[in-house]
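In case you want the letters, here they are:
There are 2 protein chains.
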Amino acid sequence: MSDDLNFHMTPEAFRQAGKEMVDWIADYYESVEEKPVIANVRPGEIRATLPTNPPQKGEPFSQIQKDIDQLILPGITNWQSPNFFAYFPSNTSFPSILGEMLSAGLGVQGMVWKTSPACTELETHVMDWLVHMLGLPEFFLSSSDGGGVIQDTASSAVLCAMLAARERITHNQANKQGVPPHLVAYTSTQAHSSVQKAARIAGIGDENIRLIDVDDAFAMRPEALLEAINSDKSQGKTPFFVSVTTGTTSSMAMDPIEQVGQVLSSEIWLHVDAAMAGSAAVCPEFRDMHNGIERADSYCFNPHKWLLTNFDCSCLFVKDRDALIRSLSILPEYLRTPENEAGAIDYRDWQIPLGRRFRALKLWFVIRHYGIEGLQTHIRQHIELAKHFEEWVSDSNEFVLVAPRSLNTVCFAHRKGNAVTESILQKVNESGKLYASHTVLNGTFTIRMVVGQRTTERRHIQAAWDLFESAALEIAPNGY
Amino acid sequence: MSDDLNFHMTPEAFRQAGKEMVDWIADYYESVEEKPVIANVRPGEIRATLPTNPPQKGEPFSQIQKDIDQLILPGITNWQSPNFFAYFPSNTSFPSILGEMLSAGLGVQGMVWKTSPACTELETHVMDWLVHMLGLPEFFLSSSDGGGVIQDTASSAVLCAMLAARERITHNQANKQGVPPHLVAYTSTQAHSSVQKAARIAGIGDENIRLIDVDDAFAMRPEALLEAINSDKSQGKTPFFVSVTTGTTSSMAMDPIEQVGQVLSSEIWLHVDAAMAGSAAVCPEFRDMHNGIERADSYCFNPHKWLLTNFDCSCLFVKDRDALIRSLSILPEYLRTPENEAGAIDYRDWQIPLGRRFRALKLWFVIRHYGIEGLQTHIRQHIELAKHFEEWVSDSNEFVLVAPRSLNTVCFAHRKGNAVTESILQKVNESGKLYASHTVLNGTFTIRMVVGQRTTERRHIQAAWDLFESAALEIAPNGY
Chain A
1 MSDDLNFHMT
11 PEAFRQAGKE
21 MVDWIADYYE
31 SVEEKPVIAN
41 VRPGEIRATL
51 PTNPPQKGEP
61 FSQIQKDIDQ
71 LILPGITNWQ
81 SPNFFAYFPS
91 NTSFPSILGE
101 MLSAGLGVQG
111 MVWKTSPACT
121 ELETHVMDWL
131 VHMLGLPEFF
141 LSSSDGGGVI
151 QDTASSAVLC
161 AMLAARERIT
171 HNQANKQGVP
181 PHLVAYTSTQ
191 AHSSVQKAAR
201 IAGIGDENIR
211 LIDVDDAFAM
221 RPEALLEAIN
231 SDKSQGKTPF
241 FVSVTTGTTS
251 SMAMDPIEQV
261 GQVLSSEIWL
271 HVDAAMAGSA
281 AVCPEFRDMH
291 NGIERADSYC
301 FNPHKWLLTN
311 FDCSCLFVKD
321 RDALIRSLSI
331 LPEYLRTPEN
341 EAGAIDYRDW
351 QIPLGRRFRA
361 LKLWFVIRHY
371 GIEGLQTHIR
381 QHIELAKHFE
391 EWVSDSNEFV
401 LVAPRSLNTV
411 CFAHRKGNAV
421 TESILQKVNE
431 SGKLYASHTV
441 LNGTFTIRMV
451 VGQRTTERRH
461 IQAAWDLFES
471 AALEIAPNGY
Chain B
1001 MSDDLNFHMT
1011 PEAFRQAGKE
1021 MVDWIADYYE
1031 SVEEKPVIAN
1041 VRPGEIRATL
1051 PTNPPQKGEP
1061 FSQIQKDIDQ
1071 LILPGITNWQ
1081 SPNFFAYFPS
1091 NTSFPSILGE
1101 MLSAGLGVQG
1111 MVWKTSPACT
1121 ELETHVMDWL
1131 VHMLGLPEFF
1141 LSSSDGGGVI
1151 QDTASSAVLC
1161 AMLAARERIT
1171 HNQANKQGVP
1181 PHLVAYTSTQ
1191 AHSSVQKAAR
1201 IAGIGDENIR
1211 LIDVDDAFAM
1221 RPEALLEAIN
1231 SDKSQGKTPF
1241 FVSVTTGTTS
1251 SMAMDPIEQV
1261 GQVLSSEIWL
1271 HVDAAMAGSA
1281 AVCPEFRDMH
1291 NGIERADSYC
1301 FNPHKWLLTN
1311 FDCSCLFVKD
1321 RDALIRSLSI
1331 LPEYLRTPEN
1341 EAGAIDYRDW
1351 QIPLGRRFRA
1361 LKLWFVIRHY
1371 GIEGLQTHIR
1381 QHIELAKHFE
1391 EWVSDSNEFV
1401 LVAPRSLNTV
1411 CFAHRKGNAV
1421 TESILQKVNE
1431 SGKLYASHTV
1441 LNGTFTIRMV
1451 VGQRTTERRH
1461 IQAAWDLFES
1471 AALEIAPNGY
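Protein chains in written order, with the working numbering: chain A, 1 to 480; chain B, 1001 to 1480.
Everything labelled a hint here was simulated from the structure, so no lab data went into it.
Beta carbons: idealized from backbone N, C-alpha and C, even for Gly.
Check each hint, because a few of them may be wrong.
[Said to hold, decoys possible] Here chain A is said to cover these stretches of chain B; the calculated rule only asks that three of the stretch's residues, wherever they fall, bring their Cβ under 8 Å from a Cβ of chain A:
no., segment
1, 1066 to 1074
2, 1088 to 1096
3, 1333 to 1341
4, 1350 to 1357
Could you build all of it, start to finish, from the sequences and the hints given here?
Structure (structure tokens):
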């Protein structure tokens, strides 16, 4: 055997290809506004352009670079376009991309403290920063009994919270014997599907999750929650977990954490899912959505949605970290370390997977590049833009608000009903000039306009509104 | 409100900082061999160098760059050092880093086909490539009833497989009603802790997972499995899931898939966890470890361990994709798309989280850069190196093999017993010249020497062996 390693890319070749990739990315951002937002392809079209078989021999990187433009870009829906208003923003920023580059370059795996102390400690540190930046309770700080951890998504975060709650209420017997049939979880009809998915995964089951009724603003009704809890209790069930949503996926509705907390006895775990809206709490004027957060056992928000940090980066905070760790820790011999036994944080015990990337880097870069003030400006600009859009809808003869605007989200529909609204959305999306998605609120097919991309300016939302108006005129020419 | 976006990093500034980051990464790889492999810090030391509070105003990126070297690097355990022999390799390569850069730059979120068709279709395509590259059964191809999906880790993969099995055996009643108490899962005493963790998460529980005895080579004994299954059946239990390991974490032992398959009735889901060893199947001469794979319902291996692809990238293949999707799919209105209803793949239904990064890019880059032959050479070189090390242990008067060498993993101990072996390992690791980790096999404290880093050459393992020998001479000077 020879030690011939020359089939690997050399550092010199990487320097060249890497710098070309940096330019490619910068070029992409400088031109993404002109690209159709939604990929204009049919299912199977991208695959049809790819060779059936993997190459027997390696190919030059220049060929791969060419194929990015020719084969991949046509199939990209441009999330980072200033005209992307669909789903939730999932924005990013150049400092965050640099953080991802460094994380990929270092290639460390931070499953336990010892496998890269900086990976663990920087994460703990920025999570503590975020507690202060969002005005969250101090019991979420690592210096208290709680602490924060970066998860991939809010789906995994709510699953971890539910597992911690399951083990707390069963005194860790569910981990030992399986899940008893009497546990019941609660969330609202407007909650994200991930809560129900978590209940399935955790062995609770659809029949043991109650979707609580909401009010006119699509926020959970605390009295309906109390009623459901009492009804379950009277039937011998054990309410153990409530997930409230600060900014629902459909309409950015805010469940009243305080009033919900008031109807809960202390053994019930309260999880606050602020995946979408939480980032807005960097501005003190938007923190009222967190009123009552002192009752929460866990809290989650996603910097990868609205805080200029690449997907994936979902921040989960727990009040009692031991409750989380007890529910997720298994310590085989090959993972024992003296530092762990002396109390160093091993984040593998705070999550579903074992391994983990160095995701704190991108968050650290973002916070340092922007500073608190930069992040505040970013949030305020988006909310101002959404206010303009809301005004245009309010003043319109064709469209109507389906829900009150909340932060950066405007939910609206055409006055002539679902079929017209759906046609308008389809026409606008097919133009390639923007991408908005829909939901159904109280039976009304609703267009969701979410202002969240880094480069979105007033001219983009103005153009979006013009598009909706002209599509309305074309599809329903008689107006109101 | 002004549309002043100049608090964001400009594309020009990103071009500069990005190219400097590329050079930093190349420099890192050119110097990593000289760095201590294990970070020489105590818990809390890195945090103590970081400012208590986040910055109010943004900072120049040049300051952040400086802090990478001064504050972060001292806390890095250098996984990508050629002298890293601990845990599993978790290697990477320049093409993979370029793939991560592009994924971060594009910033797409591929939860459903429509949100970036190329993200879904390239993933399906490279997963099909891998079926051919590893010589796996054709029922894992997307053109059959099965298919492949990239997960974050093998922990999540085995959880998904177990959930699919749970729903298949209960006819989807566990998702509806919760988990019945009679389900039992099986794996070996040497299996990765993730199987037990999955059983806890999925509501099966420790008392309903059987850790089956192993033979002298630490491989599962099929007759012991059969005995356990029969015993459970006779007590009214329902065996539903078996996870065999192709390359255990402790000693790279190979459970006999074929013989295990022969004792299983068809309703029991067979999962093959080849997280560590699977990559070796790119070489036909190592595929005998997969003998009997035709009986498997699911199979997982991690390109992020040994196939030059950045963490995270774990490939899960299932024989019946509908079984997986039925167990994980919830379709709220805001995620409905016509393409999904027409049968396009929405990978969100193949995994625990909802969102997903464009991880297929790095895998595509790696396969194309190396070609099948390059990846084969890479695997063969590592196994040759491990063979040399094995010979040195065999010929030694001080050390003894604790398990047969398997692929790239050599398990050895000092003849004078656990205390001496442990002292030797500690001394060698503290030198900073290499990092090896340990396990306990049949009560023997065992050093694991895993050859898996991209740049490891013969001179590195020679130096490693010299280090172990001189530490042995110092700690147990009288030899054998």
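(request) May I ask which of the numbered hints given earlier this structure violates, with the numbers listed in increasing order? (result) Violated hints: none at all, because every hint is consistent with the structure.
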